[in-house]
Structures are given as structure tokens and as C-alpha cells.
Amino acid sequence: MRLNPILQSAGRWLLAAVTAFAGLQAQAAVVGVSGTGGGGARSFNLFAAEGYVSMADGVQVYSWGYGTAGTGGTGLMQVSGPTLLVNQGEVVTVNFTNNLPTRSSILFPGQSNVVGSGGAAGVLAQEAGPGETVTYTFTAAQPGTYLYQSGTQPSLQTEMGMVGALIVYPSGNPLGAGTGAARLAYNHAGTAYDRETLFVVGDVDSDIHAAIDDQVKDKRAANDACLTATSAAAQCVFNADLSKRFPKYWTLNGRTAPDVFSKNNVSELPHQPYNTLPRLHPGERMLLRVIGAGTDLHPMHHHGNNSWAIARDGRMLASTAVSGPDLAFSDYTIQVVPGQTYDAIWTWTGAGLGWDVYGKLCDPAATSGPNVCTHTPAQQHQLTSDRGKPIPVKLPSEFELAYGEFYSGSPYLGDFGIRPVGAGVANTTGAFFHMFHSHNEREVVNGGIFPGGMMTMMVIEPPGVVIETAQP
Amino acid sequence: MKLAKLYAALIGALLVPAAQAGVYPQCPFDVSRNVDDLNRPISHDLDAASGLTLHSRTVGTGSDTHRQVCAHVAGGDGWQMVGDGSRRVYGFGFSPAKGVDEQVMINGTAAAQFPSPTFTFREGDEVWLALTNVGMIYRPDLFDQHSVHWHGYPQASAIFDGVPQGSATVQMGSTFTYYYKANDPGTYLWHCHVEATEHMEMGMIGMLNVLPRQDGAAVTDAAVGRAFTKFAYNDGDGSTGYDKAFSLQLGAIDSNFHDLHEAVQPLPFLELKGDYTQINGRAYPLTTVEAKEEVPVPADAPALSQPVHSVMHASVGERLLLRLTNGSVDAYYTVTALGLPMKVVGRGAQLAAGPSALGSNSSDWKASGARWAHGTASVTLGGGDGVDLLVDTRGMAPGTYYLYTTNLNYLSNGAGEDRGGLMTTIVLQ
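These protein sequence lines map, in sequence, to chains H and L.
Counting from 0, one number per residue, gives the positions in the first sequence under numbering that gives the first Met the number 0.
Counting from 0, one number per residue, gives the positions in the second sequence under numbering that gives the first Met the number 0.
Source of the hints: derived by calculation from the structure; they are not laboratory data.
Check the hints yourself; a few may be wrong.
[Unchecked claim] Once the Cα atoms are required to be at most 35 Å apart in a straight line, the calculated DSBU-like pairs of lysine-lysine come out as:
| no. | chain 1 | residue 1 | chain 2 | residue 2 |
| --- | --- | --- | --- | --- |
| 1 | L | Lys97 | L | Lys229 |
| 2 | L | Lys365 | H | Lys393 |
| 3 | L | Lys97 | H | Lys393 |
[What the hints assert, rightly or not] If you only want the chain L side, here are some residues facing chain H, beta carbon under 8 Å, derived:
| no. | residue |
| --- | --- |
| 4 | Gly50 |
| 5 | Thr52 |
| 6 | Gln144 |
| 7 | Ser166 |
| 8 | Thr168 |
| 9 | Val169 |
| 10 | Tyr178 |
| 11 | Lys180 |
| 12 | Glu194 |
| 13 | Leu269 |
| 14 | Ala348 |
| 15 | Gly358 |
| 16 | Ser362 |
The C-beta atom is built at its ideal place from N, Cα and C for all residues, glycine as well.
Let's have the full structure, built from the sequences with the hints guiding it.
Structure below.
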């Protein structure tokens with residue numbers, strides 16, 4: 000059913016999509032911060048602060064988040080938090096300054112022997128009061144995908160946005176800059192990938208955020224003594240009834256669809272700098288780093304092909320120390336569990352479609368003459384038997400179909416066709432757009448308006464289309 | 000039906016330009032329009048209930064011998080009874096297309112089935128699947144498109160994926176023929192992807208199975224010392240062999256959502272929460288009513304709209320394959336078959352096995368490496384998940400066994416009973 004708000008949001012969809020492709024934005028490497036490193040050590044300066052994040056229906060949600068001012072940081076708090084990039088074996092130091100009006104901290108699930116200093120001991124972690132700094136140190140012993148989150152009132156503070164990703168690269172792939180066979184997620188050739196992308200999967204109950212916003216404003220209006228208290232017991236504590244938690248927004252890297260399509264670091268989303276729009280060529284391996292950063296389970300379904308889950312919680316699905324991911328499993332839906340991480344490898348070749356996905360109508364048996372198949376090596380990921388075959392149906396005319404903004408008008412990869420007058424196109428390369436979304440379909444909405452939420456596209460670019468490996 | 004005829008004629012006359020053939024299913028061979036089944040596909044009792052007809056012929060030679068299969072479904076609206084049979088709710092859904100040309104429109108009107116008809120293909124099949132959008136007669140204000148998304152189809156193209164953003168979807172009165180090669184055996188879902196939350200909640204979701212090439216060969220499963228001729232996957236060792244297979248789609252309807260839809264009200268997406276959980280479009284006890292004449296037909300529906308019961312009959316000693324999928328848009332479900340040993344042998348339309356040839360490029364991996372099939376007493380599925388379970392009945396006492404969700408709060412029909420919803424029976428003789 001269609002209502003005015005949906006029609007209105009359609010414009011934003013197209014705008015976001017066009018914005019994404021105006022600069023041919025890439026998601027080849029994970030965007031993040033690498034702090035200051037060298038000599039087997041790496042340090043980060045993080046802070047926590049308040050701000051308002053933007054949902055794609057225009058609602059501004061009061062949030063708490065981590066931020067950093069270093070290289071790659073924005074100097075603003077952000078949701079999700081700065082993605083920390085480190086190398087296996089490095090001694091990682093995180094100096095955390097708390098600029099929230101309440102106590103806070105950082106937990107590093109999946110890391111061992113995390114030592115906190117400064118501030119005061121809390122239940123789960125060393126905590127910093129408002130204005131204080133605490134330091135956490137640990138050795139990143141195992142490669143993989145991890146999250147970090149608040150260890151102070153974690154149910155509330157994680158809801159408020161205090162969560163981010165930590166990626167530990169194996170030693171042969173320093174900060175993900177390895178090339179060729181060295182580009183590994185874990186220390187085994189079976190974890191090789193060509194491109195990587197991050198999905199911090201979250202759910203947001205904006206009513207809780209609004210309630211906390213009110214409480215903070217009230218304390219400030221009253222100039223409450225808790226705001227300047229130095230003893231932990233006297234400092235401000237904010238509470239919401241989490242038993243009545245009822246999410247209204249569902250996020251990928253802190254953004255809702257269609258904002259996920261916009262570029263990284265766009266000015267209109269100052270507190271949500273990370274996009275989610277993986278692009279790859281046929282035959283390339285996309286490493287999906289998936290983090291359950293919310294409170295609910297989300298069945299994330301990728302169109303286009305199954306993925307191979309090779310690791311969970313930063314541990315390879317391996318039967319022995321040297322076997323590599325021999326217990327990997329292939330699935331079309333990834334169960335994203337709160338607090339868990341998955342690494343999965345997703346590829347697409349078009350092999351076995353039964354027709355020539357490149358639309359090169361030729362005769363595979365011909366060795367000379369005009370009918371010879373001249374597929375490039377990149378195009379030969381498809382089966383030889385499919386080469387030269389046209390699509391086996393006659394497509395109805397444009398009058399009988401509704402065209403999506405990401406459909407080029409042609410069924411062939413890298414090709415374009417006639418589109419109805421007035422149907423905008425946000426597909427400038429003839430790519431295939433395969434959706435990646437929660438199959439709890441009620442989560443692909445923004446505040447109750449469909450579509451939006453926990454959804455993005457994985458983009459199969461035709462061979463030859465340049466996908467940048469470095470982020471602007 | 001007068002209204003339906005007028006409506007179909009209007010759509011045919013007004014919405015489709017004269018040069019277009021509106022109801023135009025495509026098939027590479029002549030199905031003579033009203034011909035009997037040429038080659039009835041393998042199906043079991045639950046599948047056959049929908050009345051879906053597949054036309055097929057065998058082509059190719061040697062290892063390329065395979066079937067060409069044609070099917071035709073209508074996408075529209077209809078009615079279903081809630082779990083306790085107390086009243087009807089409005090829905091969208093698919094039904095087997097009947098007749099030719101405008102007959103398809105007329106016969107498809109308000110004829111939606113819940114669940115959507117089950118497709119059973121064989122590995123290697125070439126499939127021409129035509130969809131005619133017959134419109135929603137009880138929501139004449141709507142002009143929604145429909146589509147087919149083969150959920151889990153490997154190496155999919157955009158045009159046949161059915162996603163409205165990345166593809167083209169079918170306008171009312173029009174017909175689109177999807178083409179697939181069934182390359183990978185396994186348990187899949189299929190559904191409409193247009194305005195996905197709404198159309199799936201309203202009922203446009205069903206099951207799709209691909210049978211492996213290994214079927215027909217006698218392969219002995221050493222673990223049980225017996226040969227099977229039907230298998231979930233090309234396992235090579237008989238470990239997925241079965242005697243009987245049953246497709247079970249878990250799901251629910253949120254009756255409030257359906258009621259507001261019927262009343263042309265804004266849809267409460269945020270509040271979506273199923274209050275009538277189901278298996279195969281019915282709730283217990285209707286899941287166990289095998290006689291069609293005992294199942295209520297909703298007013299204004301041309302025929303029984305929930306044709307599939309879910310009673311699984313077997314003899315002690317037989318091994319059953321349960322093809323489980325979750326078609327819910329709002330909930331995870333855990334299910335158990337109380338008292339019967341279960342084993343997970345596949346998920347995501349893949350054998351429960353690690354990758355072959357780990358050293359090779361992972362885009363070439365096949366699920367033929369280390370086996371991780373495991374015994375269990377429960378299995379959990381989120382929306383869009385598919386799991387293959389074997390139930391081994393050797394040594395079990397004859398009797399009636401219950402398969403139900405262990406999320407016990409869902410074992411109800413609305414506010415009414417404390418024993419309903421997502422439950423059915425396995426009857427051993």
C-alpha cells in the first residue's frame with residue numbers, strides 16, 4: 000500500500016543513491032582509525048560525547064557515542080564508534096576520555112587480560128567519571144572481527160550508541176593493506192579475500208533516547224550538583240525502563256536505509272560517518288565482517304548467492320589449529336546475535352545462470368569469424384556452456400513493468416536498456432544490485448515507514464569498472 | 000463473481016495497451032494451454048494440495064539430459080481463516096494460475112492460497128515460471144506490483160531476483176516469466192519482494208525444493224545399514240537419505256495488521272507481531288485436519304484457501320526429511336519433535352559440510368568437505384532461514400508425536416487458547 004510519506008521518502012532514496020554514485024564511492028577496505036602505531040604497539044585516544052544522530056525519516060535521535068580526533072577520525076562522537084584497526088600481536092592502548100554527563104567505560108569482548116588504569120573500578124570495567132580519562136591495555140592476540148562497547152550501565156549505554164568495531168589483522172596483512180595471497184582475514188589461505196566490508200548491525204528505541212535526553216536537560220536546567228560531583232556515588236545516573244524496550248529504527252553502521260548508500264563522511268550525517276555499500280567484481284571475494292551490536296537477533300539475508308561463514312567471535316571455524324576454516328558453513332541467511340561477530344566470504348560469478356550474463360551473443364564453438372566469443376578473462380567466470388546464449392525469455396515491455404532505481408533497463412551485466420520516461424536510474428555502470436537485509440522484514444522500515452532500516456545493496460560491478468581500494 | 004469478471008475486464012482493457020498480450024506466460028514448448036500434466040513432478044501429499052501443475056519435457060543428451068519445466072502462478076489477494084477458525088482475515092497471496100487469457104485473471108481473483116504453492120524441482124531443471132499479477136480486488140485503491148524472489152537462489156541475476164529496487168516488477172494485468180536453472184539441490188523459500196514487509200506479512204511466501212541428481216540411485220547409509228533412493232543432497236554416502244519428505248513453513252499472521260489493511264488504514268509496521276502462529280498457513284488444530292471438507296472456507300474465497308494440512312504419516316523405522324523454513328516477518332522460532340531423534344543435515348540449501356579444497360579460491364568452494372551434521376532436539380530459524388532435518392523413527396513406539404515451537408508463548412491462537420498455533424503431528428504406525 001502506498002501513502003504519501005512513502006512517496007516522499009522515495010525522493011530521498013533516489014537522492015541518496017545518486018549521491019553514492021556521483022563519486023563512485025567504494026567500500027573495498029574497512030574504513031577506520033589506526034591510531035599511533037609502531038614497535039609492536041598501537042594507541043588510540045577515544046572520547047565519549049553526546050550528539051544527535053539522523054534517521055532517514057528525518058528524526059534526530061539523542062545519542063551517546065565514541066569518537067576520536069586522530070587520523071581518520073572526525074573529532075565528533077559517532078555511531079557506530081570509530082572502527083579500530085590493529086595488527087595481531089600489537090599491544091593496544093586505548094586512552095578513553097569521558098565527556099558524557101555520567102560515568103562510562105569500554106569493554107573489549109573477545110580480548111583477554113585487558114588492564115584498565117585511572118578512574119575507578121566498576122562492575123565490568125575500569126570507569127571514567129565525567130571529564131576523567133582511563134586507559135585500557137591489552138594484546139591483540141588473535142586476528143578477527145570484534146566489537147567494543149560500554150561496560151557501564153551497558154544495557155542503556157549500548158542502546159544509546161556506545162558500541163563500535165575492532166578489527167585485528169593477521170600479521171601478514173598489516174592493517175588490511177596486504178595484497179594478493181597475503182590478504183587474509185585469519186592465518187590461513189582459506190580466509191583469503193579481495194575486498195572487505197563492515198556491518199555493525201544495530202537496533203534503536205528512540206523513545207529511550209528521548210527519555211534520557213529529557214533527564215539530561217532537566218539536570219542541566221536545574222544545575223544539578225551531580226553534574227559537577229567528583230565522587231562516583233554522587234555523579235549523575237540516568238535510567239530508562241529497558242524492560243519496555245521497543246526498537247523503532249534498525250541500523251547498519253549506525254545509519255538507516257537509504258542513508259547507508261551515501262558516501263562516507265558526508266556532511267549531512269556528521270555523527271554517522273560510515274556507509275555500507277559493498278561493491279565487487281564477478282569472481283572477487285568479499286569478506287563480510289558482521290557484528291551484532293543491538294539487543295535483538297537479526298536474520299540478515301543476502302541476495303545473489305550464499306556466503307561461507309568462516310569465523311565466529313574472532314575464531315576461525317576450524318577443527319584443528321592448522322586446518323583452516325574446514326568447519327565453515329554456507330548459508331543464505333546469517334543469524335546475527337547480540338554480542339556475536341561473524342566473518343563470512345561472499346562471492347558472485349553468475350556461473351550456471353543458463354544464459355550469457357554479459358549479453359555477448361556469440362557462438363562458443365566458433366573459432367574464427369564474427370561469431371567468436373570474445374569474453375575477457377574476467378567475464379569467463381561464467382560457465383563456458385552459458386556463453387553466447389541470450390536470456391531465455393522475452394521481457395515484457397516497459398508498460399507492463401515497474402522499474403527499480405537500481406535496474407539499468409537491461410538484464411545483462413554492464414548493459415543498459417530502455418527505461419520508462421520519468422523513471423530515474425541510480426545505476427551508472429549497468430551493475431547488479433543484490434539486497435542485503437534483515438528478513439525480520441518489520442526491521443526494514445524507518446519509524447514505521449517502509450522501506451528503510453536494516454537494508455543495503457551489494458553491488459556486482461561489471462569487469463572493467465574501477466572500484467577504488469582506498470577511501471577518500 | 001460478477002464483480003471479479005468486471006474487474007478483470009477493466010484491467011485487461013484499460014491497464015494493458017492493446018499491443019501487449021496481458022496474460023502471456025512463456026514456455027519453450029507447447030503446453031496446449033489446457034493439456035493434462037505431461038509429467039507430474041515428484042511431490043508428496045502436502046505439496047500436491049495446492050493443485051499447482053508443472054508442465055515438463057525432457058531434453059538434452061548424456062550428462063546434459065534434463066527437464067524443461069513450466070509453471071504459472073497468479074499473484075493477488077484472498078482470505079484465510081485465523082488459527083481457531085473463528086473468523087477470516089484479508090491477505091495477499093499466490094495461487095496456481097488456471098485457464099488462459101482473461102480466465103487467469105478471473106480465476107485468480109481473491110483466490111490466494113496460504114502458504115503459496117510449493118514448488119518441487121529437480122537439479123538440472125530449466126524453469127520457466129510465469130507470474131500474472133491479477134490485482135487485489137478487495138483493495139481497488141491499490142496498484143501494487145508483484146514479483147517472484149527465489150530466496151537463496153545461487154549466482155542470481157538481478158532481473159529474475161524480484162527485488163523492486165534492483166529489478167523490474169510486474170504491473171497489474173501483466174505477466175512476467177522468470178527463468179532459472181535449478182543448479183543446487185536444497186530447501187529454499189520463494190516470495191514476493193515488492194513492498195516486502197507488507198506483501199510477506201499478507202501471505203505471499205511459500206516453499207521451494209530442489210531434488211538432487213542422486214535421487215533414484217540406491218546409496219547405502221553405513222550408519223544405519225540400509226539403502227535409500229531419495230536424498231536431501233548429493234551426499235555420496237546416503238547420510239541424507241529419506242523415505243518421506245515434508246515441507247513445513249513456520250510463520251504467523253498479525254491479525255491486527257490484516258484487519259487494518261482490509262480497512263484501508265495506515266499499516267502498523269512497527270507494531271507487527273504475529274498473534275496466530277502457523278505451520279503451512281494453518282494453526283493447530285487445523286494443521287491436523289486432513290479432510291479438506293472439514294476445513295472452513297472463508298467467505299468470498301472461491302475455494303479452500305489453506306489447502307495444506309501438516310500431518311506427517313510414517314511407518315516405524317522410516318526416516319523422514321523435514322524441510323523447515325521460516326516465513327515470519329517478525330520472529331525467530333525454535334521447534335522440536337518431542338520424543339523423536341532429529342539430525343540437522345543441511346541449511347541454507349547446502350549439505351551440512353565444510354568447504355572442499357580449502358586452498359582453492361573460495362568462490363569455487365563446494366559443501367563437500369568435513370561433515371558437521373549433528374543430532375539435536377531442537378532447531379532455531381529466523382525469518383528467511385531454511386534447515387533440513389532428518390527424523391529417525393527406528394525403534395520408536397507407534398503413536399502420535401507432536402512437532403511444535405518451544406517458544407511456548409506462541410502456542411496459542413490469538414488470545415483464545417493455550418494449545419494452538421505452531422504445532423502439528425507426526426503419526427507413526
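Each hint tested on the structure:
| no. | hint | result |
| --- | --- | --- |
| 1 | L:Lys97 with L:Lys229 | 31 Å, holds |
| 2 | L:Lys365 with H:Lys393 | 33 Å, holds |
| 3 | L:Lys97 with H:Lys393 | 22 Å, holds |
| 4 | Gly50 | 25 Å, violated |
| 5 | Thr52 | 19 Å, violated |
| 6 | Gln144 | 5 Å, holds |
| 7 | Ser166 | 5 Å, holds |
| 8 | Thr168 | 5 Å, holds |
| 9 | Val169 | 7 Å, holds |
| 10 | Tyr178 | 5 Å, holds |
| 11 | Lys180 | 4 Å, holds |
| 12 | Glu194 | 6 Å, holds |
| 13 | Leu269 | 4 Å, holds |
| 14 | Ala348 | 7 Å, holds |
| 15 | Gly358 | 5 Å, holds |
| 16 | Ser362 | 4 Å, holds |
Violated hints for the displayed structure, listed by number in ascending order: 4, 5.
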